[in-house]
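Peer 1: Chains A and G supply the protein sequences, listed in that same order. Under the UniProt record's numbering, the first residue of the first sequence is numbered 1, with each subsequent residue one higher. Under the UniProt record's numbering, the first residue of the second sequence is numbered 1, with each subsequent residue one higher.
No lab work stands behind these hints, which were simulated from the structure alone. Worth double-checking, as some hints may not be accurate.
[What the hints assert, rightly or not] Below are the DSS-like pairs computed for lysine-lysine, each with C-alpha atoms no more than 30 Å apart in a straight line:
(1) A:3 with G:98
(2) G:83 with G:3
(3) A:104 with A:141
(4) G:83 with A:245
(5) A:28 with A:47
(6) A:3 with G:34
(7) G:3 with A:202
(8) G:83 with A:99
(9) A:239 with G:11
(10) G:8 with A:143
(11) G:3 with A:245
(12) G:98 with A:286
(13) A:143 with G:52
(14) A:141 with G:8
(15) A:190 with A:202
(16) G:98 with A:242
(17) G:3 with A:152
(18) A:99 with G:8
(19) A:245 with A:182
(20) G:98 with A:36
(21) A:239 with A:177
(22) A:143 with G:98
(23) G:3 with A:141
(24) A:286 with A:44
(25) G:34 with A:219
(26) G:11 with A:99
(27) A:116 with G:11
(28) G:34 with A:143
(29) G:83 with G:34
(30) G:34 with A:81
(31) A:286 with G:3
(32) A:177 with A:152
(33) G:11 with A:286
(34) A:141 with A:64
Note that the structure is a prediction, hence the values are computed from the model and not measured.
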Amino acid sequence: MSKRYDIAIIGSGPAGLSAAINAKIRNKDAIIFGNKELSYKLSKAPKINNYLGFFDITGSQLKKAFKNHIEAMDINITEEKVNAVYAMGDYFAIMVNEKSYESKAIVIATGMEHSKPIRGEEEFLGRGVGYCATCDAPLYKGKVVTVIGYNKEAEEDANFVSELASKVYYIPMYRDKYGLNKSIEVVEDKPMEILGENLVNKLVLKNKEINTDGVFVLKDSVSPEQLVPGLEMEEGHIKVDKNMKTSIEGCFAAGDCTGKPYQYIKSAGEGQVAALNAVSYLNSKK
Amino acid sequence: MIKEINDKDFKQEVVNSESTTVVDFWASWCGPCKMLSPVIDELAQELNGEAKFVKVNVDENPVASSEYRVASIPTVMVFKGGKVVETLVGFRPKQAIKTAIERHI
Numbered sequence: 001m002s003k004r005y006d007i008a009i010i011g012s013g014p015a016g017l018s019a020a021i022n023a024k025i026r027n028k029d030a031i032i033f034g035n036k037e038l039s040y041k042l043s044k045a046p047k048i049n050n051y052l053g054f055f056d057i058t059g060s061q062l063k064k065a066f067k068n069h070i071e072a073m074d075i076n077i078t079e080e081k082v083n084a085v086y087a088m089g090d091y092f093a094i095m096v097n098e099k100s101y102e103s104k105a106i107v108i109a110t111g112m113e114h115s116k117p118i119r120g121e122e123e124f125l126g127r128g129v130g131y132c133a134t135c136d137a138p139l140y141k142g143k144v145v146t147v148i149g150y151n152k153e154a155e156e157d158a159n160f161v162s163e164l165a166s167k168v169y170y171i172p173m174y175r176d177k178y179g180l181n182k183s184i185e186v187v188e189d190k191p192m193e194i195l196g197e198n199l200v201n202k203l204v205l206k207n208k209e210i211n212t213d214g215v216f217v218l219k220d221s222v223s224p225e226q227l228v229p230g231l232e233m234e235e236g237h238i239k240v241d242k243n244m245k246t247s248i249e250g251c252f253a254a255g256d257c258t259g260k261p262y263q264y265i266k267s268a269g270e271g272q273v274a275a276l277n278a279v280s281y282l283n284s285k286k
Numbered sequence: 001m002i003k004e005i006n007d008k009d010f011k012q013e014v015v016n017s018e019s020t021t022v023v024d025f026w027a028s029w030c031g032p033c034k035m036l037s038p039v040i041d042e043l044a045q046e047l048n049g050e051a052k053f054v055k056v057n058v059d060e061n062p063v064a065s066s067e068y069r070v071a072s073i074p075t076v077m078v079f080k081g082g083k084v085v086e087t088l089v090g091f092r093p094k095q096a097i098k099t100a101i102e103r104h105i
């Protein structure tokens, strides 16, 4: 049995960090997933004038201030990518590649994914469109599969699928050398739309069409509803109430992922509200 | 434990069943299926007598899984009167599955 944390925070931007310091102040055992850079958006900001108390500073200066703050409070960031979070009833199972973690409450602070889904992607999800090639590949034994890959890892998945499927097309969304099996056909073209009747039967690209039984879309980061299956969304954002509660009991969300405006101090404020309500949720369960 | 059924007895156990029947399509290599399994077990206990629960391993039972067009697993289907009345693709929290089943009992 693995250790069960009080709160797991997913994301290391202003929302996640603000949630982390407040959880720490309330003496809860929290784990925060993210990266050393904290937030790529923050590092890139040239000038910030709307963060109260900090005037005329760059994104990297504000990042440094955040970093000093969490270090002073002895908060460490776990540099691992969360693939999925399952609401098991009275706890959450957090899947990280080969490992998994457990927590009693969760705060989603993953920011906003800007790449839009392909037309038809959502409509045919589970009817030919999938996000986990290794999960569903055996269902496409002897069939034609197209993999739309946004990163190098997608190549390994395509190779795995090619051992089962009768034909695999690989559509790279980046430029690099591809480490693919010989049998895979690389199509350098832009996906436009996924078509079908009951199930997927075609992928329309800018310059051609491919007949295919399945389409796997493999991205760097997944949308919140794929990250936490069953999470209710509203216009592309996680649906929350004023306590930052989501549709799943014990699951809270904060920052850009909950909606506009996309601003640092709004994210930090929401992170605080989410953490404090996660603390009350934990206390009410005792 | 939830009963494992196969291509041969699918009709008898699910289609011809008089009660609302919940079918969990799964396979041993599927991570989300493993997570869903204890959730389904709990629901089977909570809804004992109100709905019937069965499991189908898609690896061993291609006929049933292709007849009902299972293209992604886990897939949970609710059958009533021999017809599919609800299809839930992918992992779902316990309450969401319970609500979907309760609509049909």
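Peer 1: Could you run down the list of hints and mark each one as holding or not?
Peer 2: Each hint tested on the structure:
| no. | hint | in the structure |
| --- | --- | --- |
| 1 | A:3 with G:98 | holds (28 Å) |
| 2 | G:83 with G:3 | holds (20 Å) |
| 3 | A:104 with A:141 | violated (39 Å) |
| 4 | G:83 with A:245 | violated (36 Å) |
| 5 | A:28 with A:47 | violated (34 Å) |
| 6 | A:3 with G:34 | holds (19 Å) |
| 7 | G:3 with A:202 | violated (38 Å) |
| 8 | G:83 with A:99 | violated (39 Å) |
| 9 | A:239 with G:11 | violated (40 Å) |
| 10 | G:8 with A:143 | holds (25 Å) |
| 11 | G:3 with A:245 | violated (37 Å) |
| 12 | G:98 with A:286 | holds (25 Å) |
| 13 | A:143 with G:52 | violated (33 Å) |
| 14 | A:141 with G:8 | holds (21 Å) |
| 15 | A:190 with A:202 | holds (14 Å) |
| 16 | G:98 with A:242 | holds (26 Å) |
| 17 | G:3 with A:152 | violated (41 Å) |
| 18 | A:99 with G:8 | violated (37 Å) |
| 19 | A:245 with A:182 | violated (49 Å) |
| 20 | G:98 with A:36 | violated (40 Å) |
| 21 | A:239 with A:177 | violated (40 Å) |
| 22 | A:143 with G:98 | violated (34 Å) |
| 23 | G:3 with A:141 | holds (27 Å) |
| 24 | A:286 with A:44 | violated (43 Å) |
| 25 | G:34 with A:219 | holds (23 Å) |
| 26 | G:11 with A:99 | violated (39 Å) |
| 27 | A:116 with G:11 | violated (42 Å) |
| 28 | G:34 with A:143 | holds (25 Å) |
| 29 | G:83 with G:34 | holds (26 Å) |
| 30 | G:34 with A:81 | holds (20 Å) |
| 31 | A:286 with G:3 | violated (35 Å) |
| 32 | A:177 with A:152 | holds (9 Å) |
| 33 | G:11 with A:286 | violated (46 Å) |
| 34 | A:141 with A:64 | violated (51 Å) |
Checked against the numbered hints given earlier, this structure breaks hints 3, 4, 5, 7, 8, 9, 11, 13, 17, 18, 19, 20, 21, 22, 24, 26, 27, 31, 33, 34; the rest are met.
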